[in-house]
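Peer 1: Here is how the chains run, residue by residue.
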Amino acid sequence: QKEVEQNSGPLSVPEGAIASLNCTYSDRVSQSFFWYRQYSGKSPELIMSIYSNGDKEDGRFTAQLNKASQYVSLLIRDSQPSDSATYLCADFNTDKLIFGTGTRLQVFP
Amino acid sequence: DVKVTQSSRYLVKRTGEKVFLECVQDMDHENMFWYRQDPGLGLRLIYFSYDVKMKEKGDIPEGYSVSREKKERFSLILESASTNQTSMYLCASSLSPANEQYFGPGTRLTVT
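Chains as they are written, first to last, in my numbering: chain A, 1 to 109; chain L, 1 to 112.
Derived from the structure by calculation, the hints contain no laboratory data.
Bear in mind the structure is a predicted one, so any value in this text is a computation, not a measurement.
You can trust all of the hints, since none of them are fake.
Pairs of lysine-lysine residues, derived as DSBU-like cross-links and limited to a Cα-Cα distance of at most 35 Å, are as follows: (1) Lys55/L / Lys42/A; (2) Lys18/L / Lys53/L; (3) Lys56/A / Lys96/A; (4) Lys55/L / Lys13/L; (5) Lys96/A / Lys3/L; (6) Lys57/L / Lys56/A; (7) Lys71/L / Lys18/L; (8) Lys55/L / Lys96/A; (9) Lys70/L / Lys96/A; (10) Lys2/A / Lys53/L; (11) Lys2/A / Lys3/L; (12) Lys57/L / Lys96/A; (13) Lys3/L / Lys70/L; (14) Lys2/A / Lys55/L; (15) Lys57/L / Lys67/A; (16) Lys56/A / Lys67/A; (17) Lys13/L / Lys96/A; (18) Lys71/L / Lys2/A; (19) Lys42/A / Lys3/L; (20) Lys53/L / Lys70/L; (21) Lys13/L / Lys53/L; (22) Lys2/A / Lys57/L; (23) Lys71/L / Lys57/L; (24) Lys71/L / Lys56/A; (25) Lys2/A / Lys70/L; (26) Lys18/L / Lys2/A; (27) Lys42/A / Lys70/L; (28) Lys57/L / Lys13/L; (29) Lys96/A / Lys53/L; (30) Lys96/A / Lys42/A; (31) Lys55/L / Lys70/L; (32) Lys67/A / Lys3/L; (33) Lys18/L / Lys42/A; (34) Lys3/L / Lys18/L; (35) Lys18/L / Lys96/A; (36) Lys42/A / Lys13/L.
Sample of chain L residues with no beta-carbon within 10 Å of chain A, all distances over it, derived: (37) Val12; (38) Phe20; (39) Met54; (40) Arg68.
Note that CB positions come from ideal geometry on N, CA and C, so glycine has one too.
Can you build the whole structure from these sequences, using the hints too?
Peer 2: Below you can see the structure in the form of structure tokens.
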């Protein structure tokens with residue numbers, strides 16, 4: 001069973017701090033990785049995709065991929081209360097995306 | 001911007017009814033997907049389609065069928081709704097299978 005694992009949280013961070021969200025995947029052949037944000041009662045919204053080892057930055061968000069260790073992480077700098085949501089990690093494997101169950105992030109003022 | 005729309009945000013149906021959920025995307029994407037999302041279980045793939053009139057079973061196809069007569073439209077059909085199909089249903093589309101998927105707003109279906 002190919003799996004994507006995430007800690008369900010909640011991860012609580014103060015406003016202005018760096019939030020670090022982690023994800024591990026089970027299948028070494030996974031090629032593409034995605035982070036989604038999902039507010040309560042809403043649908044997932046794509047934040048970033050990453051395909052190569054290393055870091056990829058987009059505004060306050062940085063995705064990190066380490067294929068040797070089979071983990072993907074998302075860093076959110078200068079966290080805001082509006083970042084409070086569930087963050088889903090997904091990897092593309094064979095013919096479909098495999099989603100983790102998400103990590104709930106709470107940013108408190 | 002990619003836009004994926006779903007026919008209803010909220011739907012209440014009775015056990016045994018036939019239910020149609022419609023999804024339309026406007027970005028000429030080849031690939032379309034139907035998921036359901038339940039607390040603690042995450043997103044589970046029901047069916048997907050890589051082309052018109054083509055469909056593939058996902059992880060939980062039992063009790064569902066799909067139709068894709070036009071490239072932009074992908075319909076999910078619950079042949080005889082049951083209470084265990086009460087869920088949030090999410091449609092998504094992508095340019096290719098390995099590309100990012102874009103989700104519609106979701107339909108929260110309640111079967112009583």
